[in-house]
Amino acid sequence: MTTTTPRPALHRPATDRPGPVPGSDPGSDPALTSADAYLRLVQAGPAAAVARRLGLPRPPVLRRHVPGAPLVEGPVLVLGRGAEADALAGLLAAAPAAGGRADGWDLDVHRHPTEGLRYGAVVLALTGLEHPGDLADPVLALAGVLRRLAPAGRVVTVSRPARAGDPPARAAARQAVDGFLRSLAKELRGGATGNGVVVADGVDVLAPAVLGTLRFLLSARSAFVDGQLLPVDSGAGTLPADPERPLEGRVAVVTGAARGIGAAIASVLARDGARVVAVDVPAAGEALAGVANGVRGTALALDVTSRDAGRRILEHALARHGHLDVVVHNAGITRDKLLANTTPDRWASVLAVNVEAPLRITEHLLAAGALTDAPRVVALASTSGIAGNRGQTGYAASKAAVMGMVAATAPLLAAVGGTANAVAPGFVETEMTARIPALTRQVARRLNTLQQGGLPVDVAEAVAFLASPAAGGILGQTLRVCGQSMVGR
Amino acid sequence: MTPSSTLGDPGTRVGDHSGAVPGGTRPAYVLGGNRTPFARAGGRYAHASNLDLLTAALDGLVARHGLQGERVGEVAAGAVLKHSRDFNLTREAVLGSALSATTPAYDVQQACATGLEAVVGLANKIRLGQLESAVAGGVDSASDAPVALNDRLRRALLDLRRARTPQARLAVLARLRPGDLAPEAPTAGEPRTGLSMGEHQAITTAQWGITRAAQDELALRSHQRLGAAWDAGVFDDLVTPYRGLVRDANLRADTSLEKLAALKPVFGRGLDAPATMTAGNSTPLTDGASTVLLGSREWAAEHGLTPWAAVVDAEVAAVDFVHGEDGLLLAPAFAVPRLLARHGLALEDLDLVEIHEAFAATVLCTLAAWESETFGRERLGLDGAFGTVKEDRLNVHGSSLAAGHPFAATGGRVVATVAQELHRRRAELRAAGEDRPVRALVSVCAAGGLGVAALLEAA
Chain F
5 MTTTTPRPAL
15 HRPATDRPGP
25 VPGSDPGSDP
35 ALTSADAYLR
45 LVQAGPAAAV
55 ARRLGLPRPP
65 VLRRHVPGAP
75 LVEGPVLVLG
85 RGAEADALAG
95 LLAAAPAAGG
105 RADGWDLDVH
115 RHPTEGLRYG
125 AVVLALTGLE
135 HPGDLADPVL
145 ALAGVLRRLA
155 PAGRVVTVSR
165 PARAGDPPAR
175 AAARQAVDGF
185 LRSLAKELRG
195 GATGNGVVVA
205 DGVDVLAPAV
215 LGTLRFLLSA
225 RSAFVDGQLL
235 PVDSGAGTLP
245 ADPERPLEGR
255 VAVVTGAARG
265 IGAAIASVLA
275 RDGARVVAVD
285 VPAAGEALAG
295 VANGVRGTAL
305 ALDVTSRDAG
315 RRILEHALAR
325 HGHLDVVVHN
335 AGITRDKLLA
345 NTTPDRWASV
355 LAVNVEAPLR
365 ITEHLLAAGA
375 LTDAPRVVAL
385 ASTSGIAGNR
395 GQTGYAASKA
405 AVMGMVAATA
415 PLLAAVGGTA
425 NAVAPGFVET
435 EMTARIPALT
445 RQVARRLNTL
455 QQGGLPVDVA
465 EAVAFLASPA
475 AGGILGQTLR
485 VCGQSMVGR
Chain S
114 MTPSSTLGDP
124 GTRVGDHSGA
134 VPGGTRPAYV
144 LGGNRTPFAR
154 AGGRYAHASN
164 LDLLTAALDG
174 LVARHGLQGE
184 RVGEVAAGAV
194 LKHSRDFNLT
204 REAVLGSALS
214 ATTPAYDVQQ
224 ACATGLEAVV
234 GLANKIRLGQ
244 LESAVAGGVD
254 SASDAPVALN
264 DRLRRALLDL
274 RRARTPQARL
284 AVLARLRPGD
294 LAPEAPTAGE
304 PRTGLSMGEH
314 QAITTAQWGI
324 TRAAQDELAL
334 RSHQRLGAAW
344 DAGVFDDLVT
354 PYRGLVRDAN
364 LRADTSLEKL
374 AALKPVFGRG
384 LDAPATMTAG
394 NSTPLTDGAS
404 TVLLGSREWA
414 AEHGLTPWAA
424 VVDAEVAAVD
434 FVHGEDGLLL
444 APAFAVPRLL
454 ARHGLALEDL
464 DLVEIHEAFA
474 ATVLCTLAAW
484 ESETFGRERL
494 GLDGAFGTVK
504 EDRLNVHGSS
514 LAAGHPFAAT
524 GGRVVATVAQ
534 ELHRRRAELR
544 AAGEDRPVRA
554 LVSVCAAGGL
564 GVAALLEAA
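So the protein lines, in turn, are chains F and S.
Position in the first sequence (from 1) plus 4 gives the number in the numbering used here.
Position in the second sequence (from 1) plus 113 gives the number in the numbering used here.
If you're looking for bench data, these hints aren't it; they were derived computationally from the structure.
None of these values were measured; they are calculated from a predicted model.
Just to be clear, a hint being listed does not mean it is correct.
Per the computed footprint, the stretches of chain S lying under chain F, defined by three or more beta-carbons under 8 Å from a beta-carbon of chain F, are [to be verified]:
hint: 1; segment: 173-180
hint: 2; segment: 340-350
hint: 3; segment: 409-422
hint: 4; segment: 495-509
Derived Cβ-Cβ restraints for the label pairs, each shown as a range [what the hints assert, rightly or not]:
hint: 5; chain 1: S; residue 1: 369; chain 2: F; residue 2: 393; range: 45 to 51 Å
hint: 6; chain 1: S; residue 1: 366; chain 2: F; residue 2: 312; range: 22 to 28 Å
hint: 7; chain 1: S; residue 1: 382; chain 2: F; residue 2: 349; range: 46 to 52 Å
hint: 8; chain 1: S; residue 1: 366; chain 2: F; residue 2: 492; range: 43 to 49 Å
hint: 9; chain 1: S; residue 1: 550; chain 2: F; residue 2: 373; range: 31 to 37 Å
hint: 10; chain 1: F; residue 1: 73; chain 2: S; residue 2: 261; range: 24 to 30 Å
hint: 11; chain 1: F; residue 1: 311; chain 2: S; residue 2: 377; range: 43 to 49 Å
hint: 12; chain 1: S; residue 1: 550; chain 2: F; residue 2: 246; range: 33 to 39 Å
hint: 13; chain 1: S; residue 1: 497; chain 2: F; residue 2: 315; range: 45 to 51 Å
hint: 14; chain 1: F; residue 1: 376; chain 2: S; residue 2: 549; range: 35 to 41 Å
hint: 15; chain 1: F; residue 1: 439; chain 2: S; residue 2: 458; range: 54 to 60 Å
hint: 16; chain 1: F; residue 1: 376; chain 2: S; residue 2: 550; range: 33 to 39 Å
hint: 17; chain 1: F; residue 1: 349; chain 2: S; residue 2: 377; range: 38 to 44 Å
Here's a subset of chain F near chain S, in silico, CB distances under 7 Å, partners left out [to be verified]:
hint: 18; residue: 47
hint: 19; residue: 50
hint: 20; residue: 297
hint: 21; residue: 324
We put the CB at the ideal spot given by N, CA and C, even for glycine.
Assemble the whole structure, with the sequences as input and the hints as a guide.
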């Protein structure tokens with residue numbers, strides 16, 4: 005963010021390890037617990053009973069990633085028939101480093117529902133659908149275990165996209181998954197989410213990006229991702245040696261890193277093993293220094309809209325860290341006004357920071373030939389850029405522009421195994437949204453399936469996933485982190 | 114990794130020279146710097162202690178250069194206005210910073226030359242191969258200054274602790290008078306003359322016939338140049354905001370000769386000559402801290418850092434301002450000629466000249482002394498005048514009149530700023546296909562008639 009409100013340093017390293025990720029534990033962070041008092045109020049006691057009786061929203065406390073915690077809490081049910089379903093189930097069940105094409109995930113995998121068992125996750129392997137009627141078996145099997153899905157459980161579909169050249173019945177079956185999944189996600193309770201991977205024809209169901217996406221969606225890292233279907237369009241990407249440290253050895257630049265979502269991104273990337281260059285405007289230098297020291301990275305004070313920003317970022321990364329692998333275009337501003345009341349300055353500054361700066365910086369890095377080893381560009385879009393928002397014509401234009409930008413940038417990086425993608429946050433608890441009037445804020449928070457705002461760490465987890473080596477087959481997509489907001493797709 | 118960061122336990126040194134000839138010398142470089150914006154006393158940092166400020170400056174330096182958890186060879190810094198509890202100020206700041214807790218530190222104090230002397234001392238250790246890396250610094254808070262007990266009360270309280278019987282204690286208390294309870298506020302007065310620094314400078318100003326107009330012009334230029342440097346982003350890599358302050362609070366880039374001329378003189382009003390020194394052409398009391406990262410070429414390469422400038426040499430001088438004819442702040446007029454003579458250099462061989470603006474008149478008196486045939490012959494032992502400093506080489510990014518002067522922090526501010534500028538100028542030369550040594554002089558006057566000068570050369 006490029007606002008100039010000062011804030012004390014986030015944290016200071018006490019040990020060799022990066023500090024805790026800000027916002028990863030809402031129970032211990034006073035800034036975050038105070039943000040949604042209603043959510044805490046209705047968790048238990050008389051308030052919970054009153055809320056239940058009145059039919060008021062009772063948002064669940066979401067499970068978030070803690071290094072070392074199990075991928076899924078409980079057994080995993082893999083539904084669906086065919087060789088690809090078997091291959092997926094086999095991989096999930098196999099012991100780590102059991103040989104074969106990928107290390108096994110060592111999960112407690114079941115292929116058929118067992119009476120009375122509480123499942124941590126259900127995976128629907130639907131790549132073999134040929135007719136809408138094929139959906140009935142796996143879907144009805146899922147229906148039988150839904151009430152036994154653990155809190156913060158996961159339902160993940162693995163399917164293929166409907167294409168114009170398909171036989172109509174196959175296309176119908178494949179497209180059916182979309183509507184089914186989005187509706188199912190709205191029925192899940194207790195912090196459980198429903199998401200899907202859509203694997204392009206010709207891409208192996210065990211391709212790195214499919215496995216990377218499946219792991220992300222099953223894990224607590226995707227806490228606030230709900231009702232989303234993420235396409236995997238190529239077999240590119242590599243699986244990390246250590247799934248806990250997928251960014252080991254990578255150098256990442258994060259713009260707007262001094263506070264909020266940017267600071268959380270810096271922390272999560274560092275936790276996942278990256279060396280971080282934290283960038284923000286000189287005026288935000290105090291908070292930026294705190295972030296850089298917290299993640300054991302380097303601080304670079306510059307305005308991303310300056311003409312030489314790309315050159316300075318590259319020089320700094322190469323001199324201090326030897327290479328540059330991940331660029332996170334996070335810096336963004338809002339200058340909300342109805343279009344009739346906007347001024348040329350407001351319009352121009354929003355576009356300049358949110359999309360023109362990322363365009364120019366990426367262009368410089370590409371022209372300099374600096375991105376050579378499976379680079380990842382991740383940019384911050386917004387649900388406003390998808391659904392639109394009154395008073396945000398400029399902001400929404402800039403965020404939709406970001407989505408167009410990554411779609412067109414991904415092919416430019418393909419030759420070196422790279423890709424570009426975007427993350428579109430919905431309502432996230434930040435300093436920015438804390439300034440929304442209280443009642444409006446309360447309503448905005450509840451307008452999604454999870455009935456709460458996301459935390460900066462939720463956005464950061466999605467960014468880290470798209471920055472990971474496994475995400476190489478995700479090409480120019482925009483991943484929503486919105487708790488399945490009611491607006492947009 | 115440097116040998117010093119991998120070999121042995123803290124404090125052990127095992128063949129730790131990487132390029133240095135034992136007992137010989139090698140270059141020591143300025144690799145970077147970081148300071149807080151400087152605040153006017155009683156402003157944004159009114160409740161920040163020296164320890165807070167120095168720790169913040171260190172943390173900003175660590176963040177800029179990625180030194181978290183690093184064992185730097187040594188950190189030396191100091192403060193002029195210092196609480197007695199801060200006897201280990203620098204070490205405490207290191208312990209509170211993101212540096213490794215095994216980084217050694219010591220305090221330096223040489224009045225306003227503290228920061229520059231810290232740079233010189235540590236650079237010498239690097240040149241000798243005793244250190245691979247170091248951080249020099251300085252801090253002062255005129256806002257959070259110590260308030261001392263009246264000497265009579267202090268002695269009485271100490272005696273009271275030593276008294277063993279009730280009668281003895283009563284006897285001690287009976288010595289006290291109401292007037293003894295008044296605290297002693299800190300002053301910028303010289304203990305031997307009782308005159309404030311401003312009054313001393315006023316005498317020297319009159320002695321050298323420096324006009325009000327010349328002083329105001331120098332002050333205006335300082336503000337304009339510092340403002341332009343901020344606008345050009347010169348300080349993006351030199352300053353980290355602190356407590357909401359993002360620029361030097363004393364800076365008045367839009368001031369004018371008319372505004373400066375309207376100010377009433379505050380020093381020298383009791384002299385026969387007209388009083389010329391105002392709040393506009395004198396430095397205000399200021400709060401702030403600065404740090405400078407120093408290292409050998411090898412250490413810099415291992416940390417991906419580009420040397421900005423070598424600290425080539427330094428010279429200290431002192432004048433007998435109590436009995437002699439020289440002004441309190443005129444010691445650099447002697448230190449600089451000695452320093453340059455040692456290297457066979459003249460003033461015109463310097464691309465940049467930094468003369469600390471304690472007062473506009475301090476700079477002008479120094480320049481006048483160097484331009485004086487008589488001073489050159491009689492005081493410096495030269496054939497004639499020492500030389501002239503071209504206006505476009507003097508304090509090119511402004512100096513203390515505009516930035517403010519937190520006493521011990523000024524040396525670090527000047528060294529980091531001028532080293533970066535040296536590096537930029539040499540890079541420009543090389544880009545144009547030329548190359549030659551690019552040199553800077555840094556001179557700082559100090560209380561007690563002291564002066565320190567240092568010679569830097571672009572790396």
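Quick check: the segment 409-422 of chain S, covered by chain F? Criterion 3+ residues, Cβ under 8 Å.
holds (count 4)
Does the closest beta carbon of chain S sit nearer than 7 Å to the beta carbon of residue 50 of chain F?
With a minimum Cβ separation of about 43 Å from chain S (threshold 7 Å), the hint on residue 50 of chain F is violated.
Cut-off 7 Å, beta-carbon criterion: hint that residue 297 of chain F touches chain S
The hint holds - residue 297 of chain F has a Cβ within 7 Å of chain S, the shortest such distance being about 4 Å.
For the range 33 to 39 Å, tell me whether the beta carbons of residue 550 of chain S and residue 246 of chain F fit it or not.
Once the Cβ atoms are compared, 51 Å apart, the range 33 to 39 Å for residue 246 of chain F and residue 550 of chain S is violated.
Beta-carbon spacing of residue 366 of chain S to residue 492 of chain F - inside the hinted bounds 43 to 49 Å or not:
47 Å, holds
Range hint 38 to 44 Å (beta carbons of residue 349 of chain F and residue 377 of chain S) holds or violated
42 Å, holds
C-beta pair residue 376 of chain F, residue 550 of chain S: status relative to the range 33 to 39 Å that was hinted
38 Å, holds
Is the hinted range of 45 to 51 Å satisfied by the C-beta distance from residue 369 of chain S to residue 393 of chain F?
With Cβ atoms ~47 Å apart, the hint holds.
Take the C-beta atom of residue 376 of chain F and the C-beta atom of residue 549 of chain S, compute their distance, and say whether it sits inside 35 to 41 Å.
Given range 35 to 41 Å: holds, Cβ gap about 37 Å.
Holds or violated: the 31 to 37 Å window for the beta-carbon distance between residue 550 of chain S and residue 373 of chain F?
Holds - the Cβ-Cβ distance for residue 550 of chain S and residue 373 of chain F, about 35 Å, lies within 31 to 37 Å.
Distance restraint hint 46 to 52 Å, applied to the beta-carbon atoms of residue 382 of chain S and residue 349 of chain F:
50 Å, holds
Cβ contact check, 8 Å cutoff: the segment 173-180 of chain S against chain F, three residues minimum
n = 6 at 8 Å, threshold three: holds.
The structure is inconsistent with the numbered hints 4, 10, 12, 18, 19, although it conforms to all the rest.
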